[in-house]
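As a plain string of letters, each chain reads:
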Amino acid sequence: MALSNVLQTPAAGFNFDNTARNEALKGLFEGAQAPKPLKTGTTIAGVVFKDGVVLGADTRATSSEVVADKMCAKIHYIAPNIYCCGAGTAADTEKTTELLSSNLTIFSLNSGRNPRIIMAVNILQDMLYRYHGQIGANLILGGVDCTGNHLYSVGPYGSVNQVPYLAMGSGDLAALGILEDGFKPDLELERAKELVRGAIHAGIMSDLGSGNNIDICVITRQGVDYIRPYQESEYKENRKMKYKYRPGTTPVLTEKVVPLKLEVVQESVQRMDTA
Amino acid sequence: MEKHCVDSEVKGVSTGTTILAAIFDGGVVIGSDSRASIGGEYVSSRTINKVIQVHDRIFCCMAGSLADAQAVTKAAKFHLSFHSVQMESPPLVIAAASVLKELCYKNKEELQAGFITAGWDKKKGPQVYVVSLGGMVVSQPFTIGGSGSTYIYGYVDAKYKPNMSRDECLQFATNALALAMGRDNVSGGVAHLAVITEKGVEHVVVPGNKLPKFHDE
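Residue numbers (the numbering used here), protein chains in the order written: chain A, 142 to 416; chain B, 128 to 344.
If you're looking for bench data, these hints aren't it; they were derived computationally from the structure.
Below, simulated PhoX-like cross-link-like pairs (lysine-lysine); rule was C-alpha separation at most 25 Å, straight line:
hint: 1; chain 1: B; residue 1: Lys204; chain 2: B; residue 2: Lys250
hint: 2; chain 1: B; residue 1: Lys286; chain 2: B; residue 2: Lys340
hint: 3; chain 1: A; residue 1: Lys167; chain 2: B; residue 2: Lys235
hint: 4; chain 1: B; residue 1: Lys288; chain 2: B; residue 2: Lys249
hint: 5; chain 1: A; residue 1: Lys325; chain 2: B; residue 2: Lys337
hint: 6; chain 1: B; residue 1: Lys288; chain 2: B; residue 2: Lys340
If we strip away everything but chain A, and leave its shape as in the complex, we get (with noise of 0.2 Å):
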């Protein structure tokens, strides 16, 4: 009966097949380790304050030790009124979020209601759960709706948290230290921002794996103000040289042209029915 779940639901009950089948599949490596996935290795933050959530992040994804994305956008859209953090897994998190903003949009067409925080929560919860923690994706949630201001923090193996500030990801607990010397209930929108680009900012200084640029993300009742960048990094460097060539910079010694043999084996004709 749920209205928001596209695909088939499950069966009632809990269901570990997948583990037991990620268990199966560690066997068949031979001593070896299974891959490691990818970290994205981040900051991520949020904040309660008077009107509604703050969210922010970094933007640095790195592959080991080489920075491979320098703009890499954590802060993921769910709804018109709900934004999540992703810290863990890059793919788990930018794929989880996915599938629940699209389970949300389904959701409100089909019974004509805004979702609510809650709601993303619960359907994130026991997706998660189902997986066992093999799904690694740590996040933020942050939210308006109709109940009020909510964040909440989903942990991979499906605990969830409702908060009034929160930090997560490798820099989390540089992080945490600025926001728990500085929050304080019902702050203004532009202190409450300056407490999240804070805490981002010492994520950032303190933790290898994050880095690059800070992204804040402000929804209140009123809407979303999605600032990318909100701070770019001091450490920008402009490029030195153009790195376009002008047709005709690689010289052509010698040309050659071999036309390809082709001969037609079976040919028909469908006429389309345009009526």
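Dock chain B against the given chain A, drawing on the hints supplied.
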């Protein structure tokens, strides 16, 4: 700074907790601390609520893996709600305990969660049931659970009296939680308590600085 899960018994966030429930004259008090930890070394939340309402007059306290406990209580809430619609009357406390027991017993290989169920029903009045990790159910006049409970067995055995008044029982529960939180590193935060009687439910939260202090604090 990577937090990695030491190969502790519980994967992910654990409640590592102190939970208790006690019957008094006319009702039952159920309570817990509010700390959630990862690997016994990092407090991931100081304000987690472990006292969950599964029906109008039935509460349960969770211990063990937070994800497992939350999933089980969600399923239990649904089953109880459905059961009470079918029966056209509020469920008995033993029914709530049985629902939790079925889930814990049938999935004992995968789950790591234990519960204390307490509540009031018309048939037997106030009751307390313990649903352990493997799915055993035992009815007791009072019970304690979680990692912090080991430090207060002496206290509760000495201090519990049957047919206490509401205030005496509330003080007994608060003292027990305070003592356990004082000695157990994975229990702490605030004391969440719920008082359940025929008339209704009352939530009491005792912040950390208002907890009773004992001689060496």
